[in-house]
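**Q** Residue 512 in our numbering sits at position 142 of the sequence shown; the count goes up by one each step and never skips.
Worth double-checking, as some hints may not be accurate.
[Said to hold, decoys possible] Result set (DMTMM-like, lysine to aspartate or glutamate): computed pairs, CA atoms no more than 25 angstroms apart in a straight line:
1. K472 / D457
2. K472 / E500
3. K439 / E521
4. K472 / E537
[Stated by the list, open to error] Simulated DEER-style distance windows between Cβ atoms:
5. P501 / A535: 40 to 46 angstroms
6. D396 / T434: 27 to 33 angstroms
7. D396 / D480: 31 to 37 angstroms
8. P474 / E402: 35 to 41 angstroms
9. E483 / G450: 40 to 46 angstroms
10. S438 / T481: 23 to 29 angstroms
11. R395 / E538: 42 to 48 angstroms
12. T481 / L379: 21 to 27 angstroms
Hints were generated in silico from the structure; no laboratory data involved.
Note that the Cβ used here is the ideal one computed from N, Cα and C, for glycine as well.
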Amino acid sequence: MNRRAVGDLADRQLAVIRWLLTAVRDEHQVWEDWGQGDTALFPCNVRFTAVRVPGPLVWSAAGTRDLSKADAFLKGFFSGGGAVSLDRRQCTYYALVPPSVKWPLAAGRDTVEMLTRSHFLGLPAVHRTEPGRGAYWSLPLEVPGGLCDVEAVAALVRLGRQAVALEEEEQ
Numbered sequence: 371m372n373r374r375a376v377g378d379l380a381d382r383q384l385a386v387i388r389w390l391l392t393a394v395r396d397e398h399q400v401w402e403d404w405g406q407g408d409t410a411l412f413p414c415n416v417r418f419t420a421v422r423v424p425g426p427l428v429w430s431a432a433g434t435r436d437l438s439k440a441d442a443f444l445k446g447f448f449s450g451g452g453a454v455s456l457d458r459r460q461c462t463y464y465a466l467v468p469p470s471v472k473w474p475l476a477a478g479r480d481t482v483e484m485l486t487r488s489h490f491l492g493l494p495a496v497h498r499t500e501p502g503r504g505a506y507w508s509l510p511l512e513v514p515g516g517l518c519d520v521e522a523v524a525a526l527v528r529l530g531r532q533a534v535a536l537e538e539e540e541q
C-alpha cells in the first residue's frame, strides 16, 4: 500500500471515529475499551441502529462458514455500501442501518431482530477489519453515516432463511 493510500485510509477512519463518537456521552470510555482490544458500547437510535442476524443465517446465505469468504460475500451483497460487524463470541452479525427505518420482515424461527432505543451495541475499533479474536468489521464502515439499506438487510435475511430451509430439507 502506498503512502497516499495509507493516508486516505487513516483520514477515512478518523472521520468515521469522529462520527461514531458523536453518539456517546463518554468518548474516553470508548477509547479505553478500544485500546484494550474490546468493543465499545454505542446507544442505538442516535446515529444508527442495527439488525441482529445470527451467523449461521449469514453463512447459509453466503454458502460458506469461512469468515473471509463470508466477508467477501457481504461486500458484494451490499455493493452500495454499508457496515456490518461480527461478534465472534456470539456468532452474530450486526448490520448498521439508519435509526428512523422500520424492519420490513415478520419474525422467523431465528433470532433476527432490529435493535431499539433501549439497546446498546458493542462495536469494534474501526481498524479491526480482519477475522481474529473477538469482534471485527466484516464490512467496514467506510464513511461517516455509511449505513446499510434496511431493504438490503431484509433481502440478506430472506436469502439466508431460504438457504437454511433448503439445508433442512436435504437432511
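**Q** It remains to establish, for every hint, whether it holds in the given structure.
**A** Hints and how they fare:
Using a Cα cut-off of 25 angstroms, the hinted pair K472 and D457 holds, with the two alpha carbons roughly 23 angstroms apart. Proximity of K472 to E500 is assessed by CA-CA distance (about 30 angstroms); at most 25 angstroms being required, the pair is judged violated. Restraint check: the Cα-Cα separation between K439 and E521 comes to about 23 angstroms, which is no more than 25 angstroms; the hinted pair holds. Between K472 and E537, the direct Cα distance comes to roughly 29 angstroms. Violation of the 25 angstroms bound is thereby established for this hinted pair.
About 27 angstroms separates the C-beta atoms of P501 and A535, a value inconsistent with the hinted range of 40 to 46 angstroms. Our hint of 27 to 33 angstroms for D396 and T434 is violated, since their Cβ atoms are close to 39 angstroms apart. Taken as a hint, the range 31 to 37 angstroms holds for the pair D396 and D480, whose Cβ atoms sit roughly 34 angstroms apart. In this structure the hint that P474 and E402 lie 35 to 41 angstroms apart at CB holds, the actual value being about 37 angstroms.
Against the hinted window of 40 to 46 angstroms, the Cβ-Cβ separation of E483 and G450 comes to about 23 angstroms, which falls outside the hint. In this structure, S438 and T481 meet the distance hint of 23 to 29 angstroms, their C-beta atoms being roughly 24 angstroms apart. At roughly 45 angstroms, the beta carbons of R395 and E538 sit within the given window of 42 to 48 angstroms. Here the CB-CB span from T481 to L379 is close to 34 angstroms, at odds with the stated 21 to 27 angstroms.
Taken one by one, the earlier hints fail for this structure at numbers 2, 4, 5, 6, 9, 12, listed in ascending order.
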